[in-house]
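Undergrad: Read off the chains here:
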Amino acid sequence: MYNEEISKIKKKLETVFTSINTKEKLENVKQVYMGKNGSITELSSKIKDVPSDAKKAFGMSVNELKNIFNENYERISRELEEKEINEKLNKEAIDVSLPGTKINVGSAHPLERIIESLESLLMSMGYDVVEGPEVEKDLYNFELLNLPKGHPARDAQDTFYIRGDEYLLRSQTSPVQVREMLRCKGEEPIRIICPGKTYRRDEDDATHSHQFTQMEGLLIDKNITLGDLKGTFEAVAKMLFGESRETRFRPSFYPFTEPSVEMDISCFNCNGKGCNLCKGTGWITVGGAGMVNPIVLKNCGYDANKWNGFAFGFGLERLAMLKYGINDIRTFYVNHDIRTLNTFDRREY
Amino acid sequence: MAISLNWINDYVDVKDEDKVALANKITKAGINVEKITTTKIDNLVVGEVLECSAHPDSDHLHVCKVSVGSETLQIVCGAPNVREGLKVIVALPGCKLPDGDKLFEIKKSVIRGVESNGMLCALFELGLEEKNEETYSKGICELPSDAPVGVNALSYLGVEDTTYTLDLNPNRTDCNNHIPFAYEVAAVLKKQVTMPDVTFKTLEETIDNQVTLDVTTDNVYMYNLMIAKDVKIKESPEFIKHRLEVAGVRSINNVVDISNYVMLEYGQPLHFFDKDVVGNHIVVRMAHENEQIVTLDKETRDLNKEDILITDGDTPLCVAGVMGGLNSGITENTKNILIESAMFNPYNIRYTSIRLGLRSEASLRFEKPLNYEYCLLALQRACHLLEKYADAKIVMGSVSYDKVDKTPKVINVTLNDFNSILGMKVTDEDVKTTLTNLGFTYQENNGNYEVTVPNRRQDIYPQKEDIIEEVGRLMGYDNIMPTLPLIKTKKGEYRDNIKFRKIVSKRMRALGFNEIRTYTLVSEEDKDKYNYNFSNFIKLLKPMLKERSVIRQSLLNSLMEVVNYNLNKKNKDIYLYEIANTYSEVDNEYVEDVKLAFILCGNYISNTWNSLNYQADFYLAKGMVENLLDYLGLNNRYTLRLSDNLPKEIHPKINSEIIVDGNALGYFGKLHPNVSREDIYVCELSLSQLFTHKTSDIKYSELNKYPTIEKDVAFVVDKSVLAEDLVKDIKSNGGKLLTNIKIFDVYTGDKIDGNKKSIAYNLTFEDKTRTLTEEEVMAIFNKIIDNVCHKYNATIRDK
Numbered sequence: 004m005y006n007e008e009i010s011k012i013k014k015k016l017e018t019v020f021t022s023i024n025t026k027e028k029l030e031n032v033k034q035v036y037m038g039k040n041g042s043i044t045e046l047s048s049k050i051k052d053v054p055s056d057a058k059k060a061f062g063m064s065v066n067e068l069k070n071i072f073n074e075n076y077e078r079i080s081r082e083l084e085e086k087e088i089n090e091k092l093n094k095e096a097i098d099v100s101l102p103g104t105k106i107n108v109g110s111a112h113p114l115e116r117i118i119e120s121l122e123s124l125l126m127s128m129g130y131d132v133v134e135g136p137e138v139e140k141d142l143y144n145f146e147l148l149n150l151p152k153g154h155p156a157r158d159a160q161d162t163f164y165i166r167g168d169e170y171l172l173r174s175q176t177s178p179v180q181v182r183e184m185l186r187c188k189g190e191e192p193i194r195i196i197c198p199g200k201t202y203r204r205d206e207d208d209a210t211h212s213h214q215f216t217q218m219e220g221l222l223i224d225k226n227i228t229l230g231d232l233k234g235t236f237e238a239v240a241k242m243l244f245g246e247s248r249e250t251r252f253r254p255s256f257y258p259f260t261e262p263s264v265e266m267d268i269s270c271f272n273c274n275g276k277g278c279n280l281c282k283g284t285g286w287i288t289v290g291g292a293g294m295v296n297p298i299v300l301k302n303c304g305y306d307a308n309k310w311n312g313f314a315f316g317f318g319l320e321r322l323a324m325l326k327y328g329i330n331d332i333r334t335f336y337v338n339h340d341i342r343t344l345n346t347f348d349r350r351e352y
Numbered sequence: 012m013a014i015s016l017n018w019i020n021d022y023v024d025v026k027d028e029d030k031v032a033l034a035n036k037i038t039k040a041g042i043n044v045e046k047i048t049t050t051k052i053d054n055l056v057v058g059e060v061l062e063c064s065a066h067p068d069s070d071h072l073h074v075c076k077v078s079v080g081s082e083t084l085q086i087v088c089g090a091p092n093v094r095e096g097l098k099v100i101v102a103l104p105g106c107k108l109p110d111g112d113k114l115f116e117i118k119k120s121v122i123r124g125v126e127s128n129g130m131l132c133a134l135f136e137l138g139l140e141e142k143n144e145e146t147y148s149k150g151i152c153e154l155p156s157d158a159p160v161g162v163n164a165l166s167y168l169g170v171e172d173t174t175y176t177l178d179l180n181p182n183r184t185d186c187n188n189h190i191p192f193a194y195e196v197a198a199v200l201k202k203q204v205t206m207p208d209v210t211f212k213t214l215e216e217t218i219d220n221q222v223t224l225d226v227t228t229d230n231v232y233m234y235n236l237m238i239a240k241d242v243k244i245k246e247s248p249e250f251i252k253h254r255l256e257v258a259g260v261r262s263i264n265n266v267v268d269i270s271n272y273v274m275l276e277y278g279q280p281l282h283f284f285d286k287d288v289v290g291n292h293i294v295v296r297m298a299h300e301n302e303q304i305v306t307l308d309k310e311t312r313d314l315n316k317e318d319i320l321i322t323d324g325d326t327p328l329c330v331a332g333v334m335g336g337l338n339s340g341i342t343e344n345t346k347n348i349l350i351e352s353a354m355f356n357p358y359n360i361r362y363t364s365i366r367l368g369l370r371s372e373a374s375l376r377f378e379k380p381l382n383y384e385y386c387l388l389a390l391q392r393a394c395h396l397l398e399k400y401a402d403a404k405i406v407m408g409s410v411s412y413d414k415v416d417k418t419p420k421v422i423n424v425t426l427n428d429f430n431s432i433l434g435m436k437v438t439d440e441d442v443k444t445t446l447t448n449l450g451f452t453y454q455e456n457n458g459n460y461e462v463t464v465p466n467r468r469q470d471i472y473p474q475k476e477d478i479i480e481e482v483g484r485l486m487g488y489d490n491i492m493p494t495l496p497l498i499k500t501k502k503g504e505y506r507d508n509i510k511f512r513k514i515v516s517k518r519m520r521a522l523g524f525n526e527i528r529t530y531t532l533v534s535e536e537d538k539d540k541y542n543y544n545f546s547n548f549i550k551l552l553k554p555m556l557k558e559r560s561v562i563r564q565s566l567l568n569s570l571m572e573v574v575n576y577n578l579n580k581k582n583k584d585i586y587l588y589e590i591a592n593t594y595s596e597v598d599n600e601y602v603e604d605v606k607l608a609f610i611l612c613g614n615y616i617s618n619t620w621n622s623l624n625y626q627a628d629f630y631l632a633k634g635m636v637e638n639l640l641d642y643l644g645l646n647n648r649y650t651l652r653l654s655d656n657l658p659k660e661i662h663p664k665i666n667s668e669i670i671v672d673g674n675a676l677g678y679f680g681k682l683h684p685n686v687s688r689e690d691i692y693v694c695e696l697s698l699s700q701l702f703t704h705k706t707s708d709i710k711y712s713e714l715n716k717y718p719t720i721e722k723d724v725a726f727v728v729d730k731s732v733l734a735e736d737l738v739k740d741i742k743s744n745g746g747k748l749l750t751n752i753k754i755f756d757v758y759t760g761d762k763i764d765g766n767k768k769s770i771a772y773n774l775t776f777e778d779k780t781r782t783l784t785e786e787e788v789m790a791i792f793n794k795i796i797d798n799v800c801h802k803y804n805a806t807i808r809d810k
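Just so you know, the protein sequences line up as chains A and B, in that order.
Residues 4 to 352 (the working numbering) make up the first sequence, in order.
Residues 12 to 810 (the working numbering) make up the second sequence, in order.
Here are the simulated SDA-like pairs of lysine to any residue, each with C-alpha atoms no more than 25 Å apart in a straight line: (1) B/502 - A/129; (2) B/583 - A/346; (3) A/225 - B/436; (4) A/94 - B/623; (5) B/513 - A/338; (6) A/326 - B/493.
What the hints contain is simulated information worked out from the structure, not anything from laboratory work.
Model the full structure from these sequences, guided by the hints.
TA: Shown next as structure tokens:
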């Protein structure tokens, strides 16, 4: 019974979905077959007229029709949904090649970068970071450092005096060492570094600056050797300029150290072959150092028979100039161009 | 100033040494050789003019046949003094002569139809003399008749040379002199120094009744006089001229040159007086205040009581160690010389020469401690050379004043000291060899050394470290094994407020500000700008420049210079900060104040193509200040309020003073239009003061589990009423349950009275222990509203 009708609907269902391209059409089709008066709905209501022995077969046939319809309906519905989203996405397209919105994070001054990297290394080696006043007593800047009055190295021509010959703008960070030694009263070992601003009567040009930055270190303990100084310097040099740097000491002279040395690194530009940067020598001087002169130890309250130690000093502008390839020392103090500053907003290894 | 190795060879044999390797050795030993220059000209030989005839086509040229040993060449020469039999210097084809900074190559040529196979040379053409009218008019160089034909001319003249330019440490400037330098060379080469000949014949007559000496000041340590008679003033021999030139000293005549030559040998300056001018009596004393002398350079010099003066008992003859008087020196006509070799107090010489602006090779040497042995030797050496090169006859004996303490420096040091200080393996043999090479004498007993320092080493301080350095530098610091100190392990820390400053600095960078550093010293005019409670300024006694004469108390003007620089460069978005020490004088004490200053200008966030940006404004500046203070743990402890006490550079209506725990420590605000037309916001505050406000540690607090109730209200008030004052009022009436007040709208405009503004607040009520009821919240809310309306004559908008 109704077999003809069933196969007619079945045949129609094979083609009716092919031309559907909108949700509206899909809903119309649904009405036509599955709606209140839809052909499948109507067919299924006829089960009451079917003899009981044929009811099961009829029911299965109608269910098959419903399944066929639903499968198709679901499929088309999904397809239409997908199409709609795709259209929306396409409409949303932007020019991703345009520049991003810039998030500005400030950069540290190149000198601060050098200071921070030296600090982190030397603090890990037990050095405290200590600072002292830039307006300083002659006593601490010169006198106790074995630079008595009349000593050529403490020329009024080289130093900015402030009050008589008593107060001055410090010409080196060494007075911080003196202050620390006096504070410890000859009783405690010392391990400090002291970064800071210093001043000398130099006319400002590409290689001279009346204001500059030093970082000195002082270690006072027992049985310290020049070898300990060399090892310490080697650690600093490799940290700043790379593991492959070699180091050497050259004899030198400072009133506050004896023996005194110049600290050189193998030229990182030519790897020691000789170039313009190292003036053909293969070596670059990066600092001065030495064993603390017993005269200074005595002046500052330490018994030179019990204690000894070393001191070292770096010109931080020089280190920064070498490290970053800066040619003019004035770069650190005047005409800071934002564009240049921004190039320093970068991590370092 | 350079060292001639040709000269050094007189004292220690360096003929066959590789000059570059030698320089490296000396440099490693602490005497820095900065530059090596070699004077050597190939294809330049001694020749003899065999024939000389006039050029057929010239009125001044000659055609010569010149023997150069291996062959005879035809050479055209224009010099008027060329003649048959003359020994000359011949530049052969291929010879390269100095021509300014370049080289000029001699080639075979044809001069007016006559072939010429070289050039006969004047000394200036070899770079051995300055080219001027006088040297030019002398014509070609005339060599002595015994000059050997065919040998290299520079070598024959004794001027083929290698020179070292030194960069000396200030304690070893003695090495600018050839004998002290020779000792260093000998030490690194393990050779011996041969001292120069100081012998001479003397006349029968003695000095005793020819000159008497009085020294009346302790600032003279040693003063020696001798007399050389009947000198012949003439040109110096080539080798002396050359050696002086290498040293940078101009050749004058044989006698003057000898005094310089001896100085360059020993480092002991000499002074030669014209004996017939100065008379028979020499008095050395301190100058009187206001005394004057006319010096050699015809300048009248004002003297004072720090200057040491050589006089004839009456008239000043010479400012000791610095410069001679106009009339007492050596002239073309000088016959008899009074030779002075002396040692003065270095401080006086230094003081006088700096004050008079007369720092010469001699005064620079007198400024350092001298060696009394050389003071005596130099005198004898001068006599030797005057006899040899100026035909002088030396009067017997000398007149001397001598207060020099001749006790040698003796230093005790043990073998163990060397090892433990140098950190390298040093053996007894090392110590002995090195001390011997250095010319130090010693006594050794079981590793204990008693070292006697030679007098020439005035730089050595009598302590064992100085001897250890001597041995170390000669053995070479390359032998030091790098180690690390074997001491207690600890972690270093930032002392005092350093860490606090680092934290502030890092926060400023995180907020988008670039760190800069500017000069501490500013000008007299600029110092007064941004005056916020300034104290007395600290001024330099002798500034180099007006622009850098005072220590600043504010960083803002320096920052503004950087801002203006960037604006000129069309950099518009400028966010900068600086942290620096400032100093002032309070009751004769110098007070340090660490300041933070920052500047906001242009876009904070921007994207140039889509006009998305956030430009600097007052509230951004305020947000920065709040962010920093909150980050430092100071939230709820500061107020930011409009002030009329701020620097004149700040906008009077757009500013706030920063008050932390009741302590005003800085301000921020817009720049006054008088300072800049741009919208620039600045802030400056004292980190030293901020640092003293201690803060507590972070404590976790649990969020409320119970629901909150929010209420909105908009008050219409006079424009002059401050939003924050309402907040304070609302807070005090809201009690504990009111936990947050947010301003979500501020309105002025058509919809309300022109003198009024509307401020809308969002209030949050909550209790951590229970759910609040609408009734209790409304009770508080109404109380708040009533209070504000009453106190500020406010109305409620849209209610």
